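Listed here are the chains, written in short residue letters.
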Amino acid sequence: MTVPAPRVSTTQFDTNELVINMGPQHPSTHGVLRVVLRLDGERVLDADCVIGYIHRGVEKLCENRDWTHIVLLTDRMDYVAAATNNLGYVEAVEKLMQIEVPRRARYLRTVLAELQRIASHCLWLGTHAMDIGAMTVLLYAFRERELVLDLFEEFCGARLTYNSMRVGGLPLDVPPGWDRKVRSFCDLMEGKLDDYETLLTNNRIWLKRTRDVGVISAEEAIGLGLCGPPLRGSGVSRDLRKDEPNAAYEEFDFDIPLGTRGDTYDRYLIRMEEFRQSIRIVRQALDGLPEGPIMGKVPRLLKPPAGETYHAIESPKGELGYFLVSDGKSTNPYRFRVRPPSFCNLQGLKRLVRGHLVADVVALIGTIDIVLGEVDR
Amino acid sequence: MTDDTKPGADAPGEAGGAVSEPAAGPAPDPPAAADAAPPKAAPPKPEPAAAARPKSEPAPPAKPAAAEAARQAPTAASAKPAAPEKPAKPAAAAKPAAAAKPRPKPKPKPPPEPPKGPPDPPPPEGMESPAAVAAVQEALPDAIEALSYWVGDWTLIVRRERLLDVLELLKTHEAAAFDYCSDVTATDWPPRERRFDLIYCLYSTRLRHRVRVKVRVGEDDAVESVTGLWPAANWLEREVFDQFGVNIVNHPDRRRILMPDEWQGHPQRKDYPLEGPGELLMENPQDWLRVRNLPDEAGTDREPGPDTEIE
Amino acid sequence: MLDTVVIPLLKIAVLVNAVLVAVTFLVLMERKVIAWAQSRLGPMRVGPYGILQAIADPIKLILKEDITPVKADRHVFTLAPIMSLVPALVVFAVVPFGPDPLYYIGDINVGLLFIISVTSIGVYGIILGGWASNSKYPLLASLRASAQLISYEIAVTMTLVSVILTTGTLSLVGIVEAQQESGIWFAFIQPVALVLIFIGGLAETNRAPFDLPEAETELTGGFHTEYSGMRFALFFLAEYANMIVISAIVVLMFFGGWLRPFPNIAFLGFLDLLPAWIWFVGKVFLFLYVFIWIRATLPRYRYDQLMSLGWKVLIPVAIGNLVVTGVFKVVF
Amino acid sequence: MAEALLFYTLAALILGLGVMVVSARSAVHSVLFLVVNFLLVAVLYVTLNAEFVAVIQVLVYAGGIVVLYLFVVMLVNLKKAPERFSDPRRLARSGLLLGGVVLALIVVVVSSSLRAGMASEGTLSGFGTPFTSGNTEQLGWVLYTSYLIPFELASMLLLVAMIGAIVLAKRHLGD
Amino acid sequence: MLEITPLHYSLLSAALFMIGVIGVLVRRNVIIIFMSIELILNAVNINLVALSDQLQDLAGQVFVVFVIAVAAAEAAVGLGIIIAFYRNKETVNIDEIQIMRW
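Chains as they are written, first to last, in this note's numbering: chain X, 538 to 914; chain Y, 48 to 358; chain U, -14 to 317; chain E, 628 to 802; chain L, -13 to 88.
I should point out that these hints are in silico values taken from the structure, not numbers from a laboratory.
Remember, predicted model here, so these are calculated numbers, not experimental data.
For glycine and all other residues, C-beta sits at the position ideal for the given N, C-alpha and C.
Keep in mind that a hint or two might mislead.
EDC-like, lysine to aspartate or glutamate: derived pairs with alpha carbons at most 20 Å apart [unchecked claim]:
hint, chain 1, residue 1, chain 2, residue 2
1, E, LYS797, X, GLU810
2, U, LYS121, X, ASP585
3, U, LYS121, X, GLU579
4, X, LYS597, Y, GLU271
5, Y, LYS218, Y, GLU271
6, U, LYS121, U, ASP58
7, Y, LYS317, X, ASP603
8, L, LYS75, X, ASP577
9, X, LYS779, X, GLU828
10, U, LYS121, X, GLU554
11, X, LYS729, X, ASP687
12, E, LYS797, L, GLU60
13, E, LYS797, U, ASP289
Computed Cβ-Cβ distance ranges for the label pairs, DEER-style [said to hold, decoys possible]:
hint, chain 1, residue 1, chain 2, residue 2, range
14, U, MET29, X, SER867, 39 to 47 Å
15, U, MET215, E, ALA639, 26 to 34 Å
16, E, LEU724, U, MET215, 45 to 53 Å
17, X, ARG696, Y, ASP189, 50 to 58 Å
18, X, ARG696, E, LYS797, 50 to 58 Å
19, U, VAL(-9), E, LEU725, 48 to 56 Å
20, U, GLY311, X, ASP731, 45 to 53 Å
Sample of chain L residues at the chain E side, in silico, Cβ under 7 Å [to be verified]:
hint, residue
21, ALA0
22, ALA1
23, MET4
24, ILE8
25, VAL35
26, ALA36
27, VAL50
28, VAL53
29, ILE54
30, ALA62
31, ILE68
32, ILE69
33, TYR72
With the hints as extra help, turn the sequences into a complete structure.
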């Protein structure tokens, strides 16, 4: 690996600079991210992210799969938010084929996507807190995530990679009584959120570790292509659920929390608020859940007309975009491209960590909430 | 704006869904569109060209495809003689026949599909292009090769030489204000002369609309990096360089990103073997050695695809 | 001969073994307490309620392969864990478990100073362990650890001085006796000192929220990243033995050591039915519980915040406390 | 008997470690030997009924100063470059020579003073402050009365040294 | 021989002193030279404590305390200088430390 260091110390330890490898086997790089840090004492002078350790060529794979089969592969990208990945993909294909999705399916998709957001944020909260040393929050957050996984399991039989959506609708309707369970989960989750906040929000050490760490201005965040909570943390109101509503989001009432300082603490608060907004959306969707079919009119063999489209949705991590090209002849996409939010957010890490201490690097990796399966694809 | 195209895709009649946010999007539309009315005449010109392209293309592709098939065949053939010596390594036991058997299989591979180009359908007659597109049409009419509209997405197809001008205009123009670079990616259409489509997905956080800019580049054409306009393009362009080998120049940090630095070839190209170079190379250890000894390309020189290397 | 050699040797043998066994059960206690705090069960497989885990853990560590990295400085690498454990055990020489000479190995007149000076040797184990591993993360961690230990030692020592001012003796037995005479635990006389020493003790034993030298999420395990097997076990023992030491000091100095609560109130005399050493050990474990509780609750400080807390808060407050104590001593 | 055994063991170890400090190739090993040396010297002090000094020796020397040395050695890692003796033989010879001269001088002085009667027996005279084994209190008393001014001067010196060290080691003032 | 007199301590002290002196003269590493100086100071301290015990006079121990204080000061400043020097010259070899300013 070439490190862009003008003066990498040749000695083992130098009073001036130290180059250390954080990862790919490091407990808090959330997988196999490798960050090459150039340090002055403990202060980070420069960071270089090395990714691709679990690159599986998902895009290339998808170009050789049936349009229907790809749903399965999208599960494997952001594997902690598989339903959202499914949703983005099937909607992109629906857009390409101009398929209308029944209202009930759109409602259920919204419920699934929001439950997925809660699960994904739970994982983020747990690992982020763990990185900063609050190990109990990890266990608490995972405990609640289990409940979401149970709900998904009841819906589609899988706990991690759901394969839970189909082009044109959903593979199956929710089991009877499921909505009641979701409701009681929502009630429970609200109480648990208060627990988390008791442990963290006003904790002085937590404040010290996150306030004014990794501050980024709105202009810079936009320029760096940050998306999702990192972008909103800087006060940019951009949530695709509002801006380009997909599924059934335009029918629900919810708020987009915005940060003011653009630091790690703001990003933390935003995600905590997103938990609550997600619960709110889920409740509205369940209240208004219409009866009706769950599959639209879809040909048995998917063969979209030749053309291309880009469709983006708001995943828990940010803008998840699918760029699909169909040649109109084969049953595979000619080009399948994912715009992974983690990938684009990770790009900002270099900017965020500069000038901070080693301990902040792990806090910042946590705050941008990456999943390496999605970064590397 | 993109919003009003949305209904076509998903929920007809709910175009106004984005009301919760400043409705700046649709507002500036009519005047700008009115401005754009005169240059509206321009699109028809590129249209025929765009339409002609896909038609003219089917012919040449057949050749390379055939050539490729021919190329594949010798590989398999050359591998066969090597086979008798090889069995010692993988399966020391009495499986030379079995080992040889799977090899013929790749030969009757389905014949390569007829190659195609992107349709890039022009906007329907009488449709007004949005203000941002109109602005470019007005300011840089010569830069635009074609204009495309499909399922609600506008695509500007621009000349490679004028790419930066167009993008800069799109970023700075009042009616465009594309300050956010969502995605940079590419598509490979091997038989075509300029085989790569380089696609920039832009978004405006202020006006909340999207546009795609597409540029067609050949294998050796240099494309200016857009990192100066959007730092976000840094990694995205690196990925395009890594996966397609598009010659992006003036990039601050042009290295491979997903593949290892010493990787040969560009996996997302259509002529890259699906199973990766590994198995092909394994057939003949000599090839493996040859590839090993190639100069390290490590983000400096582009290498032709590995298939040509092996031959 | 019997009194000067055999008995002390016997006592040492008993004490060292007791401490080591206590450490193994302390580890179990930590795992259990944290598990309960996190709504888990903790170890449950080995023995009833996982009690035998305390034995299984050390056996596992002893049987594990003991790896020495190729580029490590072999001798120092082996020496470091020993240098870390020995001071932690030596300290117990002056810790009195009860009023009777039977309960302590030695009561020297500079007992407290002895503890401070011996614990200050413990830092060598950490520095050398980090250095000898010849690896970057351990090196960073060991530099952190030594800076942290030295800084907090100042605060703790300063605070101890103010306690010494109140007692007038450096002997640990003397300190407890002074509490008996005054009829009140020093926790109520020197509350500020108690807080300072407790915080400083957390920092000196590298416990959360000051566990930076071994912050696994930052430095992949800290100074003992490269250690395994028995040598790692020694570091482990040292850390927990140090926890016990700090708890013991806090109990001796502020909570009346082996004394029952309200030692001079007669009608609570039935509390004396429990032997003195049980009171002492019970109090020590109470504090160990607090250590663990804190670990389960708080996030971790950052290195610079830790240092500024030490230098800008603890040390000035310790000096202030010392001055106030001195003034009181002179005035009253 | 036991006392003599203890002394000889300690003396041998102290001297041996002293030699190791001076001759070790790696600076870190040097520091390690120095620590052990100081600890043994502290034990020697205990045998001389100077418990407080022994504790101070451990606390300040072994626990403080030598840690500082270790720190510096690690900062300016010298592992890579083995030390170059510019002219080893000449220097060693002159060192040995000088050392020998110093030793001879000391032996002469010591033996002559012993012959003068100092070694004969017990205390020399009544001046000074006689002390018993547990002398910490007395030492403190003496320090804060008879030696108050030197004590204050020493603390002044330490303060100055502290400021000086910070100024020297800080890279950029106002950083 | 079996009776330990101040002479024994003085000889020990002298020997340690000599080792320190040799270290100062022979080694070229500034840090080790500093350590040798610490050895010399310790040699002196042994003498002081031994004679203090012998004479039943606390003055010796008081002086040891002062010597330790001075040693601490010396170490702090000396090592500060070494660090500052190393940062500029990347060496701690005393033969290369020969100019007063740079």
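(request) Provide an ascending list of the numbers of those earlier hints which the structure does not satisfy. (result) 1, 4, 9, 14, 28
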